[in-house]
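Undergrad: Assemble the whole structure, with the sequences as input and the hints as a guide.
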Amino acid sequence: MLRRKTINRKKWCAAAGITALAGAVCILGINGYVKHTAKAAFVTAQQAAEGEEVDCIIVLGCLVRDDGTPSDMLRDRLTGAVELYRMGAAPKILMSGDHGQDSYDEVNAMKQFAVDAGVPSEDVFMDHAGFSTYETMYRAKEIFGAEKVVVVTQEYHLYRAVYIAEELGMEVCGVSSDYNRYYGQTMRDLREVLARCKDFAMCILQPEPTFLGETISLDGDGNVTNDKT
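Going by the numbering used here, the sequence shown opens with residue 154, and the numbers climb by one from there.
A portion of the hints provided could be inaccurate.
As the list claims (entries may be wrong) - The list that follows gives simulated cross-link-like pairs (lysine to any residue, SDA-like), each with its CA atoms no further than 20 Å apart:
1. K192 - L181
2. K381 - S274
3. K294 - L181
4. K192 - D342
5. K351 - I183
6. K188 - I369
7. K294 - D342
8. K381 - K301
9. K381 - P362
10. K301 - T197
11. K192 - V346
12. K294 - I183
13. K351 - V377
14. K294 - V346
Read the hints as simulated data drawn from the structure, not as lab findings.
TA: Set out below in C-alpha cells:
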C-alpha cells in the first residue's frame, strides 16, 4: 500500500513537472515570436521622420501622479512624440490612456504636456478609453480611422504594441523612448512576458474593447476630443 502511494506520488510529480515545463516552453515561445515579429518595425526617430507620412503618432499612456503630472516613463514617451511631431513624422498625435474615472486622468495630462511643448491643441487627439495596449490599438483603427501609425513607448513595451497594431491590420513603425533608467524595470520586464502571451491570444480572438462609439476623423480638429473647458 505504501509502495503504491509512493509510485502514485512520483507519477503525479512527474506529470506536474512535464506540464510546468510545457507551459514554460509555450510562454517563452510566444514571447520570442512576438518580439521577433515586431522587431523588424523598430526605427529611429530620424527614420520615422524620413519615411512615408503616417496618420498619427500614438502615445501609450501610463502612470500620472496625484498632482496631475506625468510619471518619468510617460514624460519620456511624450517627449519622444513631441520630437517626432516637430520632425514632421505625422501631422497629428493621438494620446491614448486611462480616463475611466473622474479621479484619474492620463490623457488630459498627456495632451497638456504636448500643448505646453508647443504642439497646437488642434493637432492633439485624446482617446479617453485606452484602458490597455490592445484597446488602444483597436480603437485607434476603428474609432480614429488610423491605418498608418508611429507608436512611441519604451522598448520593453514596444514589441507588444507594434505586434498588436500589425495583427489588427495597421501599418506601423515603433520608436523607443528609453531616455532614462526606470525604477522597477526588472519586474516590468517579467510581467511583460506574460502580457505578450495574453495579447497574442487577444489578437487571435480580437474581442471588441470596453467601449467603441462614434468615429472621429484624424483629419479634423483634435479639440473635439476635449472634455474640459
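Undergrad: For each hint, tell me whether it holds in the structure or not.
TA: Hints versus structure:
no.: 1; hint: K192 - L181; in the structure: holds (16 Å)
no.: 2; hint: K381 - S274; in the structure: holds (13 Å)
no.: 3; hint: K294 - L181; in the structure: violated (29 Å)
no.: 4; hint: K192 - D342; in the structure: holds (16 Å)
no.: 5; hint: K351 - I183; in the structure: holds (10 Å)
no.: 6; hint: K188 - I369; in the structure: violated (31 Å)
no.: 7; hint: K294 - D342; in the structure: violated (27 Å)
no.: 8; hint: K381 - K301; in the structure: violated (29 Å)
no.: 9; hint: K381 - P362; in the structure: violated (24 Å)
no.: 10; hint: K301 - T197; in the structure: holds (16 Å)
no.: 11; hint: K192 - V346; in the structure: holds (15 Å)
no.: 12; hint: K294 - I183; in the structure: violated (25 Å)
no.: 13; hint: K351 - V377; in the structure: violated (33 Å)
no.: 14; hint: K294 - V346; in the structure: violated (25 Å)
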